[in-house]
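Take the two lone chains, each set in its own frame, and fit them into one complex as the hints suggest.
For the protein sequence lines, the chains are A and B, in the order given.
Residue numbers for the first sequence, in the numbering used here: 1 to 621.
Residue numbers for the second sequence, in the numbering used here: 1 to 425.
Calculated directly from the structure, the hints in this document are not laboratory data.
Beta carbons are placed, not taken as given, at the ideal position from N, Cα and C, and that holds for glycine.
Each hint should be verified, as a subset may be incorrect.
Beta-carbon label-pair distances, calculated as ranges [as the list claims (entries may be wrong)]:
1) B:369 x A:564: 26 to 36 Å
2) B:192 x A:553: 20 to 30 Å
3) B:189 x A:284: 24 to 34 Å
4) B:42 x A:567: 41 to 51 Å
5) B:382 x A:558: 28 to 38 Å
6) B:192 x A:290: 26 to 36 Å
7) B:189 x A:392: 52 to 62 Å
8) B:189 x A:544: 28 to 38 Å
9) B:189 x A:461: 41 to 51 Å
10) A:83 x B:365: 37 to 47 Å
If you want the building blocks of each chain, they are given just below.
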Amino acid sequence: MHSFDVLVIGGGHAGAEAACGAARMGARTGLVSFDLGAIGAMSCNPAIGGLGKGHLVREVDALDGVIGRAADAGAIHYRMLNRSKGSAVWGPRVQADRVLFKAEVQRIVKAQANLTLIAGEAAALRLEGGRVVGLELADGTALDAPRVVLCTGTFLGGTLFRGEECFTGGRIGENSAQRLAEQLRGADLPMARLKTGTPPRIDGRTIDWAALPEQASDDESWTMSALTEKRANPQVFCAITRTTEAAHDAIRANLHRSPLFSGAIDAAGPRYCPSIEDKIHRFGDRDGHQVFLEPEGLNTHLVYPNGISTSLPVDVQHDMVRAMAGLSQAEIVEPGYAVEYDHIDPRALTPDLQLRAIPGLYCAGQINGTTGYEEAAAQGLIAGLNAAAAETDREAPVLDRANSYIAVMVDDLTLQGVSEPYRMLTSRAEYRLRLRANNASTRLTKLGIEAGCVADERAQWFEHREAMRAVLGPLFAQKLHSKELADSSLPVRRDGGEKPISEWLRHDGVEFADLMTWVDAELVEALCANTDLADEMAEDAAYEPYLARQDAELRDLRASENLALAGDFPFAEVPGLSSEMIERLTSASPPTLAAAGRVPGVTPAALSALLVYARRWQTAA
Amino acid sequence: MSDTIFAISSGAPPAAIGVIRISGPEAGSALRKLAGRDFTPRRASLATLRDADGGPLDQALVLWFPGPATATGEDLAELHCHGGRAVLVAVSGALEAIPGLRAAEAGEFTRRAFANGRIDLAEAEGLGELLSAETELQRAAAIQMAGGAFSAQVEEWRTSVLRLSAQLEAALDFSDEDDVSEMPPQFAEDIGALSQELDGWVSRPRAEKLGEGYRVVLAGPPNSGKSTLFNALIESEAAITSDIAGTTRDVIERNVAIASVPFSFVDTAGLRDESDDAIERIGIDRAREQLGRADTILWLGPEGEGPDGAWEVAAMSDADDYQAKPSANYVLSATTGAGVDALKQGLVAAARAALPKPGEAALNARQHSVLSDAAQALRGAIGQRDPLLCAEELRQARGAFDRLIGRTTTEDMLDTLFGRFCIGK
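Chain B extracted, bound-state conformation (with noise of 0.2 Å):
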């Protein structure tokens, strides 16, 4: 039988209050050892926690939830104590000592969860993700996730793809029924617009874009500003700013976050050709390879000299020698903040159209790349006249499902395939 575990659940003290969980067979005994005396389960109370000797150690809001229908699937509770740091060493020293009991490890409660079947693999890493969730956007992709939606449509794929699956074992197995005969026309349709769904799946916004942010890089020639708005757009003086050429030597990278939108912005080393500064001559390298990561490009030089697809912008219109950029898609003065705005709008609409829309799932890398197999197995199904050859691929198809929420079995399809089937000898 597995040991029990406890951790302290909240923030690191001190805080208000600090929430110690414990999971596991023996919890319920420890409860009654700290406390006492049994409690109603899912209900709040109050009761005094004591140690072996009897002597107080808190008040606490305890909270007692016997499995298996808990977060972690074992019987479960909580102390809600409060949150000082040495109330919170005195409790988990009492725990500590009750034989059985052990402290948890990192990530052990979830681990336990999926262990448990409570949750499944897609809706661990959503919690993961949903933890380490920094921004508005991550957070409502990340609950897409925890939540189960994910796993849902997985779900939902995977039963299409076991029907189909069972169609094709049937006339495999069953051929010589008249009960069973060729595929129906449908059959293919089914394969084509389930592939074409999931092509679209793949080539959504991934997850970890939300995590980056959105890449903005600022480029230009020295001395055209990108460093002044830079600062301006991160709001803070992160870049040195002067009147040389050249200051700026190596890529400087900022996240911030406007209007909930997760942004990366990179100040560059002005490109020029004709520097015999070395050390300058490596970040003009560095800007260069910048441009190739960029999902938008702020071009501060002349206009039509910037890289294809590049914005234009007209950094430094309050300046004295400002060089016109007749069509540039924003004109503004860093120095003064005018236009600045306008800019922002412009990245934040940008960037929303290019990351994973709010509450939609978005897929990491595992997940995307399980996802790309699955897809290509489909395609590959498509057209394929030998049936047998077919089914292998949806069989790849199924297995990728699997590989998404965690799960691996040829048993259910059987059954799909024989619940719908009249199937003699």
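Same shape as in the complex, but just chain A (with noise of 0.2 Å):
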């Protein structure tokens, strides 16, 4: 069997959910990876999701994808950031159990329908006049796919520095492909570099742990996945530690052996993730960093020291761990290091990740200039879903900035590009307060159905939901007079005259427990089993008034992206738009009016310009 609709290259987490969800969709899908055992395997920090990157892994989840479900099965550690601050900026994250977690996505790549996985060295791209046609092996086989998504993390070009040592390759201990990285720099590509780095392991059994605040999982019952029932895994607490003035004096004292500053490493690194060495250089007023100990499975042993992330020399890290409060005796059992790569610009991409310049081949995950699992797995997903629509005759879904935080993603790569390592945050989304972590299901699992790329499971998951929520609809607007309120004792005016209940869910002091005893009985019963729909409605209407007054941005927005600037648009020829507007335009290649609003530079005169014309552009073409 050598022929397939779709090859994905690569088992990471863009490989995984590429794969999956192409396959999904029903194309015939193969999945190429050098190692068939590393597929699912997490390369870095031990933990999934966080502020912006839970937003993802439930946005993936959404669509039946895989890394939500993964990192519950491998989850030890469940915390969700922001708890203090409004619902749309909670974070789940978890810590995962690195050997769960991979075993967990091994399994569901196995036991999916369409998908089969091929173990082998990806050597080159078989191409006929200039679009993908296949993929040739290392071993000479040639496979047959008119889609090809490359999710091959750092490997082009990929360069290992730790202190004055340096080797070329992606993770240590593994080849990069010099082969296929040759031919897309035959390609003339835009090409940067960007640079990552990674803390060193300790041994866990050194960690003098009784000298150290702990923090616990949090004891709530939440999970990643929708379709997670429980959590699965004993939980464990992590440590907090500092990094103090000796740690500081030990790395200042050795930053000339840092590549960072030694000038071997000029690529630019991820100003919210910095090295320790770049944090104590620009920020050196702080006498500390925080750093979180995080344990990287049940059976292991390994500590991941969050916040220490350094390329200096073996002998340094060793000083400056030992400098740190509980670590005096810490053994250090993988020195930490930085990754310098080469990335595609990833402006070069359409919205559905293809290149614009070898059609049939997407790229997806750090090859774009990303940073981190959740972003990887969201681009592997978008790339999947639509190399299998090309194929299939079928439409991925349609997402938007005002409907996810994966299509924010995809839209500030393909029309800004990127200067550093992209990670999302949740600043980046203009419409944020509509899109909750929690309410991702409710965004996305419709289009997902309807696209065809959600399994019978979640379907009837969401089908149950939909219909709980038409249940619970007549209670939120069950109106209750402030007199009664007030006679309860809560804190409301009692001339406030009469209110659905969602209404008064928006009053200081006012919560659904305290009102429950004017709904009915059944009702109640409904509520009680459905907590986490309630809530999502009850934040619904907190946000109202907020979202309303958005709706008419929103209209605009859509709108203007109904306004297609297809792959062929004549930009030079719009009349009255100057050279530099021209130049930025064509090199970003914006689908819509809209997305032309957002490429950095553009004027909106020159945007009121481009409407007159691509009008009257569309209706003669």
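In structure tokens, the structure reads:
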């Protein structure tokens, strides 16, 4: 069997989602990985989710993806970040046992219909007339496929740095696919270089846990995936320590030995996840930086010290670690290192993550300049669904900035490009109040069902949920008079008049539980059986005035999203556009007028010129 | 690529000089075709302009501005021709004959300046107002707008809100870091101060007032001398005056500038209840309506019977049947002119206080409405305990500022954010 609709190269987070997503859409899919046993490996930190990232996990899950379920299967510590803030910025995060996580990814991948796993090294793309027709493996095997998704992480010319040492490769102990990389370079794609890093791993048995403050897993019952019924594993705690002046001194004394400062690495690293030497250098006035000690699994002693990513020489890493509270006897098992790698300028991609220069070739994950498992998984899903849709005559779900973080990311990448590794942040989403981690299913599962990428189990779950929404509707619409509330000593004015429960919930000091005395016993029961849904509906009610105010903004957005500037749109012929505008627009190739408005530097007047011309062009075409 | 456009940019011919402006990628080659040579940038040079057959058209002063640092952001040429009608028609004809050149549409040079980022929306609006300014006050306000003073102010507000947003977003996106603590107390103070400043701007006199003029309505019973005073104020015989009660039946409105201050004087039908003339009654209704729109009412009737806040004016101090108004603000005779100047001075002082100050940017209706949105959002942000909703209010305010000067983006908010904080993972 050497013929496929879609071939996915790479079995990391992007690859697994791309392959399973394409297969769920009904495409005959192959997943090519050098080592099938490495599928689903967590290469860096043993955590899934977080602020912004948790949203991505929930969204991928809502489209029936893999990462949410695998995260629950591996989770040994749950924490809802930002719990004290508004629910739209809550960030579900788990620490996952690497072994359990990987096992679950592999279980899902193997169980997936339409998906064939192929052990082998992708050696070269097979191209005909400039478009992809398949893949050649290192052993000479030729595979046919009109769509290939590249999910190969940092393999493009990855170089590892640790102090004065430097190695070629992706992760420690793996070869990077040099031949394929050369082929891509030959295609004259716009490329740039970025760096990322990882901290040293510590032997947990050498940490004085008793000396450090604990951070326990939170004791609620939420899970990453909507389909996970309950938390599976025993929960462990983390500990918190800090860097010290002594640690900073050790770093400062050796800054010249860090490849970041010696000039060996000049690629841009992330502003928000800087290495410890970067932090010391840039924020020298701080006397310490927080470090989370996170166990890597239930059956390993490895501990991941979150917050001290570094490329300093091993001896300096040792001194720095030992200078911290609780770590005076700590042993480093695997030293930290920095990776510098090439990535494709994502502006070379269309919104389905296909390379404009090589039709049929899709890219997802780190190769597009992003950082993080969640960002990779979300891109893999988009690439997989779109590649499959193109071959199966279906439509992939239509995502936009107002319905998903996934679309915010893809839009940012393909229009703005990256100047540092791209990480999801809630502040990137203009319509964040409607894009909550806990309403991802409501936003996306229906779209997924319509597109055909959601399997029966989730479709049924969703149907039931929507039925319950209809049941609970009247509860929120039920009107209560302020007098009744005031008589029950709730903090409301007696003369407030009659309002529906949805509005009373906006009042400070009025909670669901307070209002239940006036609600039908049957409805109360339905509510208790569906607390997640009820909470979501209550949040909708709370944000309602703000959402209503965004409606006009969204109408404008959607109207201009509907004005297509298809691939061959002649920007150069638009009257009134300066050559600078033409250059910017042509290189970003925004697919719609709305997207054109988000291309950096494009002026509002240029947009109105575009609008007028695009209308005429559309009717002429 | 865009067309190259040209137009007569000076006033209607005939005039001493007629300026033809050419803007666009072909401006340089058009100049070469017409004058037969190249020109030193930004130097005035004399040249003979010729048509395609080599026949001389005119001797003109030529200015050559290569883009993009020009008024339109494109290559730009100016031909200062002799201002005769035929000369300008001939030169325009020669330009029209050059392929790729066409006559400009109204406002097209400004639109190109905007499209090429040479001016922003507020500046473009100011430019429009500058071109239509008829009084000194209008000109002074418009130049503030066109010159970018208001844009600079909006930019300053935008930067302030951006800074506040960045603090808030850091708390939202990096609360798991010890590097980012809760909001400093200064945060609420800053929002409060900014909100107050915007509220102040929103309540300022508007630009339309400068165009419409300070509205002075003359009111009083029939035959109280309104029309006579009206004519004296506008220094023209616009209103018919007679001894017959009810001579003025409709509203008469005239715009004049006094001491550079724009006024709109309104003469109205005399107010009385018992008229059985249907037309006069309509006039009286219109007069009452005018009272509601007035900035100042001059009341010429019996003392104390006029609308609240009206100025008591004793208009016929020289008349035989002069009824004394002991506490009149102004005593005058429109027929002799005595006291009229004092009234004018009083009106000028009142108008100056109510109109935009000279040299102060005045908002037009659109700007006022958008700025009100921003002010409202900032008021909403004050005391908002949920930082997420506070952030949403600030986003709304930023959106309003961007609409004011015509720009939108969130990436620079992130730049501000990351420039200020040490963020660990």
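Hint check results:
1. Between residue 369 of chain B and residue 564 of chain A the C-beta distance comes to about 31 Å, which sits within the given range of 26 to 36 Å.
2. The given range of 20 to 30 Å is respected by residue 192 of chain B and residue 553 of chain A, whose C-beta atoms sit roughly 26 Å from each other.
3. The hinted window of 24 to 34 Å between residue 189 of chain B and residue 284 of chain A holds, with their beta carbons roughly 29 Å apart.
4. A beta carbon spacing of about 42 Å between residue 42 of chain B and residue 567 of chain A agrees with the range 41 to 51 Å that was offered as a hint.
5. Remark: the range hint 28 to 38 Å for residue 382 of chain B to residue 558 of chain A is upheld by a beta-carbon distance near 32 Å.
6. For residue 192 of chain B paired with residue 290 of chain A, a C-beta distance near 32 Å keeps the hint of 26 to 36 Å intact.
7. The supplied range of 52 to 62 Å is met by residue 189 of chain B and residue 392 of chain A, whose beta-carbon atoms lie about 59 Å from each other.
8. For residue 189 of chain B paired with residue 544 of chain A, a C-beta distance near 30 Å keeps the hint of 28 to 38 Å intact.
9. Residue 189 of chain B and residue 461 of chain A have their C-beta atoms about 49 Å apart, which keeps the hinted 41 to 51 Å range intact.
10. A hinted range of 37 to 47 Å for the beta carbons of residue 83 of chain A and residue 365 of chain B is consistent with their spacing of about 45 Å.
Violated hints for the displayed structure: none, as all numbered hints are satisfied.
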